[in-house]
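J.: Spelled out, the chains give:
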Amino acid sequence: MASKSKNPIWAFLASVKLALLLIALLASTSIIGTVIEQNQTPEHYVQHRGEAVASVIQALNLGDMYNSTWFLCLLGAFSLNLIVCSLDRIPTVIKIVRKDNLATNPDRLAKMKLSKEEKIPGTLETAKKEVMQYLHEKGWKTDSRDKEYGTLFFSQKGPWTRYGVYVVHLSILIILLGAVIGSPTVATKILDNREFAFKGGISLPETAQSDFIFSYADEKKIPLDFTVRCNYFDIHYYPGTSMPKDYLSSLTVIEDGKEVLTTTIEVNKPLIYKGITFYQSSYNQIGAAIIKLRETNSGNVHVFPVDPQNYSVTNTWQEGETDAMIRIQSARQTQMPNGQASTEMKIWLMDSDGPPSMFPLMYGSPVIVERPNAKYELTIGPHFATGLQVAKDPGVWWVYTGCALMLIGLYMAFFMSHRKVWAHVYERDGQPMVLFAGHANKNTLGFSKTFSSLTQGFKKPQNNRA
Amino acid sequence: MMNSSQLFGYTTILYLLSAAFYIGLLVFRNKKVGLVGLILASIGVLVHTGALGLRWHESYQIGIGHAPLTNMYESLVVFAWCITLFYILLELKFKDNASVLGALVMPLAVTTMAYASFSTDIDRQISPLVPALQSNWLIAHVITCFIGYGAFSVAAAIGVLYLLKHLAIKRNFSETNMLSTLPELSVLDDLTHKTIIFGFMWLTAGIITGAVWANEAWGTYWSWDPKETWSIITWFVYALALHARFTRGWNGTRIAWLAIIGFISVFFTYFGVNFLLAGLHSYGAS
Ligand code: HEM
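For the protein sequence lines, the chains are G and H, in the order given.
Each residue of the first sequence is one higher than the one before, counting from 0 in numbering that gives the first Met the number 0.
Each residue of the second sequence is one higher than the one before, counting from 0 in numbering that gives the first Met the number 0.
Think of the hints as simulated: they come from the structure by calculation, not from any bench.
All clues stand as given, with none of them false.
Straight-line distance between alpha carbons at most 27 Å, and here's what the computed DSSO-like set of lysine-lysine pairs gives:
hint: 1; chain 1: G; residue 1: Lys146; chain 2: G; residue 2: Lys112
hint: 2; chain 1: G; residue 1: Lys140; chain 2: G; residue 2: Lys94
hint: 3; chain 1: G; residue 1: Lys140; chain 2: G; residue 2: Lys118
hint: 4; chain 1: G; residue 1: Lys188; chain 2: G; residue 2: Lys219
hint: 5; chain 1: G; residue 1: Lys146; chain 2: G; residue 2: Lys110
hint: 6; chain 1: G; residue 1: Lys448; chain 2: G; residue 2: Lys98
hint: 7; chain 1: H; residue 1: Lys226; chain 2: G; residue 2: Lys268
hint: 8; chain 1: H; residue 1: Lys193; chain 2: G; residue 2: Lys16
hint: 9; chain 1: G; residue 1: Lys137; chain 2: G; residue 2: Lys156
hint: 10; chain 1: G; residue 1: Lys110; chain 2: G; residue 2: Lys98
hint: 11; chain 1: H; residue 1: Lys92; chain 2: G; residue 2: Lys441
hint: 12; chain 1: G; residue 1: Lys137; chain 2: H; residue 2: Lys92
hint: 13; chain 1: G; residue 1: Lys112; chain 2: H; residue 2: Lys92
hint: 14; chain 1: G; residue 1: Lys112; chain 2: H; residue 2: Lys193
hint: 15; chain 1: G; residue 1: Lys441; chain 2: G; residue 2: Lys98
hint: 16; chain 1: G; residue 1: Lys137; chain 2: G; residue 2: Lys110
hint: 17; chain 1: G; residue 1: Lys441; chain 2: H; residue 2: Lys193
hint: 18; chain 1: G; residue 1: Lys448; chain 2: G; residue 2: Lys112
hint: 19; chain 1: H; residue 1: Lys92; chain 2: G; residue 2: Lys448
hint: 20; chain 1: G; residue 1: Lys273; chain 2: G; residue 2: Lys220
hint: 21; chain 1: G; residue 1: Lys128; chain 2: G; residue 2: Lys146
hint: 22; chain 1: G; residue 1: Lys257; chain 2: G; residue 2: Lys291
hint: 23; chain 1: G; residue 1: Lys98; chain 2: G; residue 2: Lys112
hint: 24; chain 1: G; residue 1: Lys244; chain 2: H; residue 2: Lys226
hint: 25; chain 1: H; residue 1: Lys94; chain 2: G; residue 2: Lys441
hint: 26; chain 1: G; residue 1: Lys441; chain 2: G; residue 2: Lys112
hint: 27; chain 1: G; residue 1: Lys140; chain 2: G; residue 2: Lys110
hint: 28; chain 1: H; residue 1: Lys193; chain 2: G; residue 2: Lys156
hint: 29; chain 1: G; residue 1: Lys448; chain 2: H; residue 2: Lys193
hint: 30; chain 1: G; residue 1: Lys198; chain 2: H; residue 2: Lys226
hint: 31; chain 1: G; residue 1: Lys94; chain 2: G; residue 2: Lys5
hint: 32; chain 1: H; residue 1: Lys94; chain 2: G; residue 2: Lys448
hint: 33; chain 1: G; residue 1: Lys112; chain 2: G; residue 2: Lys137
hint: 34; chain 1: H; residue 1: Lys92; chain 2: G; residue 2: Lys156
hint: 35; chain 1: G; residue 1: Lys112; chain 2: H; residue 2: Lys94
Using the sequences plus the hints, can you model the full thing?
T.: As structure tokens, then:
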């Protein structure tokens, strides 16, 4: 493969020795970042590791080592090595795949590890037909070419599996490319377009909305070209415990003043809109109370924040065709059975289907209200803000494609092989003969079994005839 | 009514007996002894499978329903299941050439089960899942990783046997030596290589499913958290072994050592990170 005219730099970059060195370096240096806590303040390192070590950490950027220049250079060198090495070798592979196997000299077939010669009764012409038909039946579609003493048949399976290794190598490059495309750093520093790829977050109080988020990198605002609203936030618990089972936020996307989409996100179930993904990541309580009504048939939830200074406002909503409204009539401090202070409210609820309902409501304990055409579950509880992580990663599909290709490539490289079968049908002293030969680039043991059953299968019917 | 911990107990006993028979095979070189070992291991795996299924069922009965793959105890038990199952399949495929390996693999399975069952560091309760762990990707991720780990453990075991046999030959030990029961060096070498290839495929799938899951849950497919980093280190070690063999013709002792180094890395990915370093994956935290 190494041609004489080859440039020594090219040869170096194409060498597997370099690859082994780089892989070993990547593996060993990666350990550092698992031992030294990442992304801490300089003071933290001084405190926990001492001045001397801290200065080394500072100098080599070991506090953020996977983004440090030297580590990225290592990855770059690795990619370059991979590209050059593959470019260097692929022409040879293409030659092997495209090789004209009918040009093989029949004399060489007999010297191959897998070969078998048989006599065939009949004439040369019937023998040719028989061999061709037999191979077809066994799933080996043949091409043929006339040779000096007869005809050479050839058939192969999986020549393309030779590309498996290169599919794997390419997939690594695609994954790395995807990582670059999706990198907020690249978007900010190289593309000068912070909206191209970012990671950030926003804390949205229930009923509040926002058309921007804050970037994690620099805490600055990144505009969205739409608005998201948090309708409500909810925590589900495992029955009878205080162990959270799920965190949910109901989000509505608003564009040009129109609600285009309402959905509930959960941990592990984000909302993706216009390439931007909203993840449920945290929550916090923002003081005042909020009333939540869930209509139990439709599942619709309506929420109304309570202003402690001015609680007796009338809130209205629509449930199906019906208009409905709710008001806190009065509120007074009470004591719960366990002695804690609490607030009891008198609620007035009314819709177009009958006389108003009046009932008491305590902080934290739900009440069911039956209306002629609706049934509400009412709670008054803390007013939450949902913590959303917001990411735009245009590289993620490159990464996923690379991952899929890698699995396919590995399968091709490890478990599939390029198998060839030749059959030379010729005449020796007036006796038609066939010489089978076979070759596989991998799993030679398995292929030798296939080959011997192929040749033996050819012999059997003949013996019957004889 | 039987519960899953009893079944796990029986599993451990069956594995222990199986290990004893496999060691017997090494000492007495009687194939029947090895066959008993294989049968005991197979019954053990069946009981083990039943126990896992029962634990899954029990988790639904107490209202938290999830696959038994979510804490250190469950992962150890699944790990032992994977190595045993992988080993049995290997023995069925490679017959006598593989059977002595049981003397190393089955004790590993027993140790894992015993450690899971008796260690005071390990909580054996079925506990509710924190929201981040409630994902089908979790199942895919854990299973693929553990098939890989199982294969790598077996590869390392073969590597150790290779080195022992190599040493015995070099020192000219007598023919009656126990290690002469082992297959030829070239067979062990080939088995190590094949097992590493198999494991590599699954580890790759494990890392990928983990990345997809992380992206679903946290919006980042890769965050260099210690567990992720160690998994990629492990992946590099085996990639190194494959290239050294394929393109530079490394074999024999060097591949055996790489199989062992790879296993140390697996071990660190699996335990070291949980017990020594903090991160997303320290079970139960997050
Ligand atoms: C860690 C990342 C890498 C992975 C996962 C990978 C994967 C593979 C696989 C699966 C094979 C087939 C091995 C076999 O059939 O046993 C292979 C072969 C090979 N790899 Fe890589 N590779 C990586 C990095 C590299 C790099 C950086 C180079 C650069 C020189 C390289 C050069 C080669 C060569 C020359 C072959 C042999 C191809 C042949 O002759 O058929 N690999 N690689």
